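These protein sequence lines are chains A and B, in that order.
Residue numbers for the first sequence follow the working numbering, so the first one is 45 and each next one is one higher.
Residue numbers for the second sequence follow the working numbering, so the first one is 1170 and each next one is one higher.
These aren't lab readings, by the way, just hints derived from the structure by calculation.
No experiment lies behind these values; they were computed from the predicted model shown.
Please note: incorrect hints may appear among the correct ones.
[Stated by the list, open to error] Result set (SDA-like, lysine to any residue): computed pairs, CA atoms no more than 25 Å apart in a straight line: (1) B/Lys-1221 to A/Leu-123; (2) B/Lys-1265 to A/Pro-216; (3) B/Lys-1221 to A/His-297; (4) B/Lys-1296 to A/Leu-296; (5) B/Lys-1265 to A/Ala-112; (6) B/Lys-1265 to A/Ile-53; (7) B/Lys-1265 to A/Arg-98; (8) B/Lys-1221 to B/Asp-1204; (9) B/Lys-1265 to A/His-297; (10) A/Lys-298 to B/Asp-1204; (11) A/Lys-298 to B/Lys-1296.
[Stated by the list, open to error] If you want the ones that stay clear, here's a sample from chain B, every Cβ over 12 Å from chain A, calculated: (12) Gly-1225; (13) Arg-1282; (14) Gly-1398.
[Claimed, not checked] So the derived list for chain B, only partly shown, Cβ under 10 Å to chain A, looks like this: (15) Lys-1221; (16) Leu-1291; (17) Leu-1294.
Just so you know, even glycine gets a beta-carbon here, dropped at the ideal spot from N, CA and C.
Below are the chains, spelled out letter by letter.
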Amino acid sequence: MKRAPTWMIWLLPVASGLFFVAIWLGVKKVGGVSDWLLPTPGQILNAAVQERGRLLAAAGNTALGALAGFSLAASGGMLLALCIGISRPLRAAFYPWLLVLQMTPVIVLTPIIVLWAGPGFPGIVTITWLISFFPIVANTTQGLLSADQNHVGLFRMANASSWQELWRLRVPSAMPYYLAGLRIAATLAPIGAIFGEYMVGNASGGSGGLGFLVYVYNTQIKIPALFATALTSCLLGFIFVATVALLNWAVLHKWHDSFERSDH
Amino acid sequence: MTAAPSIVEFREVEKRYGDGPPVLARMNLTLARGDFISLIGPSGCGKSTVLKLVSGLNPPTSGDLTVLGTSPRAARDRQAFIFQDATLLPWLTVQKNTELLMCLRGTEESERRQQAEELLALVGLDKVRAYYPRQLSGGMKMRVSIARALSLAPELLLLDEPFGALDEMSRFRLNEELLALRSRKPFTAMFVTHSVAEAVFLSNRILVMGAHPGRIVAEVAVDFGPERGPNLRAGHAFLDKVNEVTRLLHRVEAAVA
């Protein structure tokens, strides 16, 4: 498929964003929607500037929780996938339970998490980990099992040990799958952290993440500040996804077909 | 003339997958040292299965199969397999791909680097050692695959339609290069192909296989000697041999239909 020109990639989102803002302002003007229900973009930016200290500190706290949960999910997910990817009995024994865990809504588990991990940071990290680790495990397991059968034949012909087959074939084969799992997890980790802060973070006496700010601004009916918090959360999520996209590029760009170059 | 020692010996070998019908039935075949045998026949006649049995990737269901005087699995160290797909690892450079089998066998780094460099020079790829497989053409990938297979100096080389996906000119060129490599690093070969001309050009024996079940129905000797160049293809003797094998194939396919 022919790639879109660069100007189109940048200009079209800006144009559609401006179009969206125009509709927003139009709805407010024509429909007479009050500011507390739907503030203007200007009011939101103003609130963001006024609350910037609290927002930045809260974003830092949320980033810390999200990063801790994400790191645990990225490392633990890989380890778990290695265990269940190389052993059929382990896969048969544990994979169904992973699915059960994934199917259980986190909100139901939250009180149990608070009970076990404690409120505040440990609870937030646990919730973030729980939300983000499954796509990593599922993708990486799939990748480990999807090594090219001709490559497997080649390794077996060379009398490669199981260890060599794992490290020199299956793990590199699974790398694009693992990174795809990380990309999904990167979108989920900040959401998990904010949800965790909203649910358990305030119980610690206020560690002050974005989720906690949502709780505070909602109580104070500071609607433009709530929108500004949403905007900050969005930016935080973007930073997470962009970081993983950069990692994905660093690992795969030299050899993977998804980075096909046109210079050869 | 003294008979050369046998490298591969099939005696009444049968292969079935599960409870299915036999893929190969009562297969008898002897491959002598220095032979270049081509297996040719209709799709599904079990040509690739023969190679998989010899390589030890699949066990026979019954019968005796000896490879290099021992069982196929025990003989793996002394044979190499070239697949239809070049099977290069996409995350390794050409150099590292060529070193792969030596690396798996525990060859010392300096030795494998030197050996890979020498082989890549031999197949004309010394300038692209740092490239990744996706930067290579189909023919170049196959050359790397051949270099990798020869890195272990195998006594027996199994080739499963290695040039099937290439255009005609690349295929001709690689046929010639394969014979040139063989004169420098001698090996016995079992070669699966769908191309009659390729089989005639490369082999000293062509085994025509029939299907359902797979079996050898005819053998054609090709006596062009070891020195074979592009001019051979234009000669009458070559074309006569191609016609002879083609007629046999038509007969086999008519029997299957």
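Going down the list of hints, with the structure as the test:
For the hint linking B/Lys-1221 to A/Leu-123, the alpha-carbon distance of about 34 Å lies beyond 25 Å, and the restraint is violated. Distance hint between B/Lys-1265 and A/Pro-216 is fulfilled; the C-alpha atoms sit about 14 Å from each other, no more than 25 Å. Of the supplied pair hints, the one linking B/Lys-1221 and A/His-297 is violated, its CA atoms being roughly 35 Å apart against a limit of 25 Å. At roughly 23 Å between alpha-carbon atoms, B/Lys-1296 and A/Leu-296 fall within 25 Å of each other, so this suggested pair holds.
Between B/Lys-1265 and A/Ala-112 the alpha-carbon distance is near 36 Å, which puts this suggested pair outside the 25 Å criterion. Distance hint between B/Lys-1265 and A/Ile-53 is unfulfilled; the C-alpha atoms sit about 38 Å from each other, more than 25 Å. Taken as a hint, the B/Lys-1265 and A/Arg-98 pair is broken in the structure, with Cα atoms around 53 Å apart against an allowance of 25 Å. For the proposed pair B/Lys-1221 and B/Asp-1204, the alpha carbon gap of about 18 Å is at most 25 Å, so the pair holds.
Distance hint between B/Lys-1265 and A/His-297 is fulfilled; the C-alpha atoms sit about 18 Å from each other, no more than 25 Å. Taken as a hint, the A/Lys-298 and B/Asp-1204 pair is broken in the structure, with Cα atoms around 41 Å apart against an allowance of 25 Å. With a C-alpha separation of about 18 Å, the suggested pairing of A/Lys-298 with B/Lys-1296 holds against the 25 Å cut-off. With a least CB separation of 8 Å from chain A, B/Gly-1225 falls inside the 12 Å interface cut-off, contrary to its annotation.
With a least beta-carbon separation of about 17 Å from chain A, B/Arg-1282 lies farther than 12 Å from that chain, consistent with its non-interface assignment. A cut-off of 12 Å between C-beta atoms confirms that B/Gly-1398 is not in contact with chain A; the least separation is 32 Å. Given the 10 Å rule on beta carbons, the hint for B/Lys-1221 holds: about 8 Å separates it from the nearest Cβ of chain A. A hinted interface residue such as B/Leu-1291 counts as satisfied when its beta carbon comes closer than 10 Å to some beta carbon of chain A; here the least separation is about 21 Å, so the hint is violated.
Interface restraint check for B/Leu-1294: the shortest CB-CB distance to chain A comes to about 15 Å, outside 10 Å, so the restraint is violated.
In summary, the numbered hints that this structure violates are 1, 3, 5, 6, 7, 10, 12, 16 and 17.
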